[in-house]
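In the order they appear, the protein sequences are chains P and L.
Position 43 (the first sequence) corresponds to 43 in the working numbering; numbering is contiguous.
Position 28 (the second sequence) corresponds to 28 in the working numbering; numbering is contiguous.
Treat the hints as calculated values from the structure; they're not laboratory data.
Mixed in with the good hints, there may be bad ones.
Copies of the same chain look alike in the list, so a pair counts if it fits in one copy or across any two.
In the EDC-like style, the derived pairs of lysine to aspartate or glutamate whose C-alpha atoms are separated by at most 20 Å in a straight line are [to be verified]:
1) Lys-14 x Asp-111
2) Lys-14 x Asp-33
3) Lys-14 x Asp-76
4) Lys-14 x Asp-52
5) Lys-14 x Asp-53
6) Lys-14 x Asp-64
7) Lys-14 x Asp-98
8) Lys-14 x Glu-84
9) Lys-14 x Asp-93
10) Lys-14 x Glu-25
Number of protein chains: 2
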Amino acid sequence: MAGAGPRRVCFLLKVRADRLAEYRERHAAVWPDMLAALSAAGWRNYSLFLRDDGLLVGYLETPDFAAAQAAMAASDVNARWQAEMAPFFEALDGAAPDAALRPLTEVFHLD
Amino acid sequence: MAGAGPRRVCFLLKVRADRLAEYRERHAAVWPDMLAALSAAGWRNYSLFLRDDGLLVGYLETPDFAAAQAAMAASDVNARWQAEMAPFFEALDGAAPDAALRPLTEVFHLD
């Protein structure tokens with residue numbers, strides 16, 4: 001049930017159990033040019049949540065998710081960031097983390 | 001890394017694989033008095049996302065999550081709604097779905 005306004009996107013990834021502490025540290029200090037690239041690409045109200053077993057939930061809002069993904073895919077800083085992040089994740093089958101995102105279906109929304 | 005503003009809350013539940021279609025239907029038509037109760041209790045920008053295997057992600061924003069939960073726990077309509085929803089979920093160990101919520105840790109946020 002989609003309301004008006006930006007699209008809300010939710011995705012899941014799995015962080016390796018032996019890399020959780022380092023994953024948290026890296027995300028407490030994301031490169032400023034990576035943050036700027038996300039903002040310029042239309043990623044808004046973007047959060048990552050981590051369960052103790054490594055299940056990672058991403059949530060963001062954007063006017064057009066395909067455009068937001070394409071803008072990041074064309075960004076040099078994103079290529080460097082994703083290359084550094086890839087070893088933290090399970091089961092990417094060789095893909096970069098941002099290329100492995102599978103948005104879930106929104107089944108309810110209340111503004 | 002929490003920014004300023006309302007707290008962002010993310011939680012996970014598991015919908016039974018054989019009840020997914022009905023779960024979706026029920027959430028496309030949540031009772032108006034349940035929606036009103038959530039709003040009155042401070043649940044804002046609240047979405048539910050469903051993966052094909054039944055993994056359910058909840059995301060909401062609220063000034064005070066403990067207060068928002070307590071307000072719903074005191075609500076008659078919520079008691080009726082949660083009683084109807086409980087059979088849709090796995091592994092609640094007898095708890096109502098809203099009592100089984102375990103918020104994940106936010107590890108990143110970009111406004």
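Up to 20 Å CA-CA - Glu-25 versus Lys-14, copy category: For Lys-14 and Glu-25, the Cα distance is within 20 Å only inside one copy (16 Å; across copies 29 Å).
Up to 20 Å CA-CA - Asp-98 versus Lys-14, copy category: Answer is within: at 13 Å inside a copy they meet the 20 Å cutoff, but 25 Å across does not.
Up to 20 Å CA-CA - Asp-53 versus Lys-14, copy category: Both: 9 Å inside a chain and 16 Å across chains, each within 20 Å.
Same-copy or cross-copy closeness of Lys-14 to Asp-52 [CA-CA at most 20 Å]: both (11 Å within a copy, 17 Å between copies)
Within, between, both or neither, where Lys-14 and Asp-93 count as close if Cα-Cα is 20 Å or less: This pair counts as within: shortest intra-copy Cα distance 12 Å, inter-copy 25 Å.
Alpha-carbon proximity between Lys-14 and Glu-84, which holds within one copy, between copies, both or neither at 20 Å: The answer is within: 15 Å in one copy meets 20 Å, while 32 Å across copies does not.
Intra/inter-copy verdict for Lys-14 and Asp-76 if alpha-carbon distance must be at most 20 Å: neither (24 Å within a copy, 38 Å between copies)
Homo-oligomer pair classification [Asp-64, Lys-14; C-alpha up to 20 Å]: neither (25 Å within a copy, 29 Å between copies)
Alpha-carbon proximity context of Lys-14 and Asp-111, limit 20 Å: neither (29 Å within a copy, 23 Å between copies)
Identical-chain pair category, Lys-14 with Asp-33, by Cα at 20 Å: neither (25 Å within a copy, 37 Å between copies)
Hints 1, 2, 3, 6, counting from the list given before, are not met by this structure.
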